[in-house]
Amino acid sequence: MNCQESRELMSGYLEQYLTESQTALVTEHLAGCAECRQELADLDETLRVVRGMPEREPVFDMWPELAAMCADIRMELRLNPADRVRRWFVSFILAFKDGWAILLENVGFRASRST
Amino acid sequence: MSITDRTPMTARGNDLMPLMEQESDAVLVRRYLSGQDSAFEALFRRYQNPIFGFVSRMVRSEDAHDLTQDVFCKAMRALHTYRGEAKFATWLYRIARNVCLNDRRHKAVIREQSLDEMNESPGVAQVPDENADVERIVETHETQRVVNDILTQLTEEQRLLITLRDFRQLSYDEIADVTGISLANVKSKLHRARNAFKEKFKPHLELLREGR
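Residue numbers (my numbering), protein chains in the order written: chain A, 950 to 1064; chain B, 505 to 716.
These aren't lab readings, by the way, just hints derived from the structure by calculation. Glycine included, each C-beta is placed from N, C-alpha and C at the ideal position. Just so you know, not all the hints are guaranteed correct.
Calculated Cβ distances over 10 Å to all of chain A for the following chain B residues [to be verified]: (1) Ala530; (2) Glu545; (3) Lys611; (4) Asp653; (5) Asn699.
Pairs of lysine-lysine residues, derived as DSBU-like cross-links and limited to a Cα-Cα distance of at most 35 Å, are as follows [as the list claims (entries may be wrong)]: (6) A:Lys1046 <-> B:Lys578; (7) B:Lys578 <-> B:Lys706; (8) B:Lys693 <-> B:Lys706; (9) B:Lys578 <-> B:Lys611; (10) B:Lys611 <-> B:Lys704; (11) B:Lys611 <-> A:Lys1046.
Full structure from sequences and hints, please.
What follows is the structure, encoded as structure tokens:
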């Protein structure tokens, strides 16, 4: 086994998912290659640092806001198909109207800048 | 609404929560689908931290709360399609992955964000280690900054794989399920992602070693 092949297997070697024969080949290579031993140590230590990072947690309770959204979703899901289409159509028209308003405002702004 | 106006983490749950906390995911899903709305809150309480932890590594910190809520809204809409073939957590991570990737594609600015933005945003709390001394806190904070910076320099897929495996500790099978990548490819791609990360992390690793 050469250095390139040994390095390809280093994650598996550390996580012990290689076959017995692959593990034996890597172990044999490492015994005679200081550079690969250093690579393995670097990878091992880097992974320890990453895994040791503090957990990130939300700073406020998200449920009250989410509960309101969920209530809307539940209501929507319980509507019959025709009402659902009507509701979707109204939302689409409102979004379309907003889009046009933004576009026209933008065009007006550019026109006023160019004059 | 600012983050400080919102309900603190200590005020949470309702009277049924302690009972529902004992139930399995599958039972809670069945309860919710049969009309017991509070079962969804129990699922949310169970998975909000893992999903938030995942989302906050994938997107800008200030977006993490909104996108976590988005994940659960999408989950609620799709819950009737959950067949129980995959673990509920894996199914939820799959939704979270899609939400994050869509958000990143829409904004397409994640790589340009500054390190400070990611670490000093009030939107994310790092769980403190009570036994840590000041020097260690500073070192951890700096390491956290470097780790996040390097993550933003990786490809979307590399970042996803490292987040799922090394931050969230999912199994390789679960990662294959969440990402839709074959098991063999998950292993090789994750190894390449770790190598890319390790190369960028080397200078900081040397500093950490010198400091010991």
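Structure-based check of each hint:
1. Ala530: Given a closest Cβ separation of 20 Å, the condition holds.
2. Glu545: violated, 6 Å
3. Lys611: Nearest chain A Cβ is 18 Å from Lys611 of chain B, so the label holds.
4. Asp653: holds, 13 Å
5. Asn699: violated, 7 Å
6. A:Lys1046 <-> B:Lys578: Between Lys1046 of chain A and Lys578 of chain B the Cα gap is close to 26 Å, so the pair holds against 35 Å.
7. B:Lys578 <-> B:Lys706: violated, 39 Å
8. B:Lys693 <-> B:Lys706: Holds, at about 20 Å.
9. B:Lys578 <-> B:Lys611: holds, 20 Å
10. B:Lys611 <-> B:Lys704: holds, 25 Å
11. B:Lys611 <-> A:Lys1046: Roughly 23 Å between the alpha carbons, so the hint for Lys611 of chain B and Lys1046 of chain A holds.
Figure legend: structure checked against the earlier numbered hints; hints not met, in rising order: 2, 5, 7.
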